[in-house]
Amino acid sequence: MKKALSLAAMTVVMASTALTTGAIAADKTLTISVYSFAQDAYKKALYDPFEEICGCDLVIETGNSVERMAKIEANAAKPVIDMAVISSHDALALAQKGLLAKLDTSKLSSFDKLYDAAKDPVGDNMAVGYTFYASSIVYRKDLISIDSWGDLLTNEKLANNVALPNITGTQGPLTLMMLNKANGQNGDYAKTISDIGAAADKIVTFYSRSSELAQLMNQEEVIAAPVGRFAWSRFKSSPLDFAWANPKEGQAGGMNVMVMTKGNGNEELAYQFMDYWLSTDVQTRVAEAMIDSPANKDVKVSDEVAENLTYGADLINSLNIMPPADIIAQREAWVEQWNTEVIK
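Taking the working numbering, I'd label the letters of the sequence shown as residues 1 to 344.
Errors might be hidden in some of the hints.
To be verified - Only pairs whose alpha carbons sit at most 30 Å apart, straight line, appear in this in silico DSS-like list of lysine-lysine:
1. Lys78 with Lys119
2. Lys44 with Lys119
3. Lys248 with Lys191
4. Lys43 with Lys102
5. Lys300 with Lys248
6. Lys43 with Lys300
7. Lys44 with Lys113
8. Lys28 with Lys78
9. Lys119 with Lys262
10. Lys44 with Lys28
11. Lys28 with Lys102
12. Lys78 with Lys262
13. Lys344 with Lys71
14. Lys107 with Lys44
15. Lys78 with Lys107
16. Lys43 with Lys28
17. Lys181 with Lys202
18. Lys191 with Lys202
19. Lys202 with Lys157
20. Lys181 with Lys107
21. Lys107 with Lys97
22. Lys119 with Lys102
23. Lys43 with Lys71
24. Lys248 with Lys236
25. Lys44 with Lys236
26. Lys157 with Lys141
27. Lys191 with Lys181
28. Lys43 with Lys78
29. Lys157 with Lys107
30. Lys236 with Lys43
31. Lys344 with Lys43
32. Lys102 with Lys71
Treat the hints as calculated values from the structure; they're not laboratory data.
Between the sequences and the hints, there should be enough to build the whole structure, so can you do that?
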């Protein structure tokens, strides 16, 4: 009798263990590292619908580029981030350190719908573009006019009223490129960094996050600053009279990309999320919410929505885009000079 009871008890334990193991196996979690802006909008347009479809949980980690890249590098042996969205040059830097997995683009059903520039933006299929963005100068048109990128450093009305991005942020290299162009410099950025250093006392701050800049501008501490188009909604919705500049040198441009960390063990779910994000339906929904501009060329939006985005082949092809490899090759020298001459 005791033996029979023991066998019965063992059967219950084994059944319970099997159920527990099955529950663990069904518990799918994808950890993604993203920019901190527009997270409420992303939740509604992207995260919540995907979780419902996949029956999984998304763990969202945010931060600036430096913080997020450092976390990926610090956990290279045992990744805690499965997938990240970052700038194309930051993706190249991670790829060069062997931290990224090569993407199997056959698992991305919308891959052929992407603009050609988004298909392999850093080489060797280490990343795929999901959004383009223009960068220009947001300014108070009731207080100032902007004709050139050079106005940021030379217009006396902007003294103690202008902000620039930190060189280590996404907007830093783009702003440096356009100031360099306004200075008539070709390829040598040292003089432009020195010019920024000479004007540093008249610059309110060197910002790291677009949310930080929006706060300063809405508090009327800053009246002009370079910013990415993806953050334009923060300013357009303000009661203050902000405008988007069209400088004579043109607009800068960049691309944010999706990457997958090497050896994360969660590749299939990461591919599922990437594929979902790049689909025409989702890219359209994200565009119509004016969160991000589409890299999927099949996306169609109204003229009113398009005005708030970096949208369409004509605009994308007109942007001044610095190759990621050029940024990586020079960034260390830029940062060293920046720390010496600008951050005093």
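Taking the hints in turn, this is what the structure says about them:
| no. | hint | in the structure |
| --- | --- | --- |
| 1 | Lys78 with Lys119 | holds (28 Å) |
| 2 | Lys44 with Lys119 | holds (26 Å) |
| 3 | Lys248 with Lys191 | holds (21 Å) |
| 4 | Lys43 with Lys102 | holds (27 Å) |
| 5 | Lys300 with Lys248 | holds (29 Å) |
| 6 | Lys43 with Lys300 | holds (22 Å) |
| 7 | Lys44 with Lys113 | holds (24 Å) |
| 8 | Lys28 with Lys78 | holds (18 Å) |
| 9 | Lys119 with Lys262 | holds (19 Å) |
| 10 | Lys44 with Lys28 | holds (20 Å) |
| 11 | Lys28 with Lys102 | holds (22 Å) |
| 12 | Lys78 with Lys262 | holds (9 Å) |
| 13 | Lys344 with Lys71 | holds (28 Å) |
| 14 | Lys107 with Lys44 | holds (25 Å) |
| 15 | Lys78 with Lys107 | holds (24 Å) |
| 16 | Lys43 with Lys28 | holds (18 Å) |
| 17 | Lys181 with Lys202 | holds (21 Å) |
| 18 | Lys191 with Lys202 | holds (18 Å) |
| 19 | Lys202 with Lys157 | holds (11 Å) |
| 20 | Lys181 with Lys107 | violated (40 Å) |
| 21 | Lys107 with Lys97 | holds (24 Å) |
| 22 | Lys119 with Lys102 | holds (13 Å) |
| 23 | Lys43 with Lys71 | holds (23 Å) |
| 24 | Lys248 with Lys236 | holds (22 Å) |
| 25 | Lys44 with Lys236 | holds (21 Å) |
| 26 | Lys157 with Lys141 | holds (12 Å) |
| 27 | Lys191 with Lys181 | holds (12 Å) |
| 28 | Lys43 with Lys78 | holds (27 Å) |
| 29 | Lys157 with Lys107 | violated (53 Å) |
| 30 | Lys236 with Lys43 | holds (21 Å) |
| 31 | Lys344 with Lys43 | violated (40 Å) |
| 32 | Lys102 with Lys71 | holds (20 Å) |
Going through the hint list in order, the structure does not satisfy hints 20, 29 and 31.
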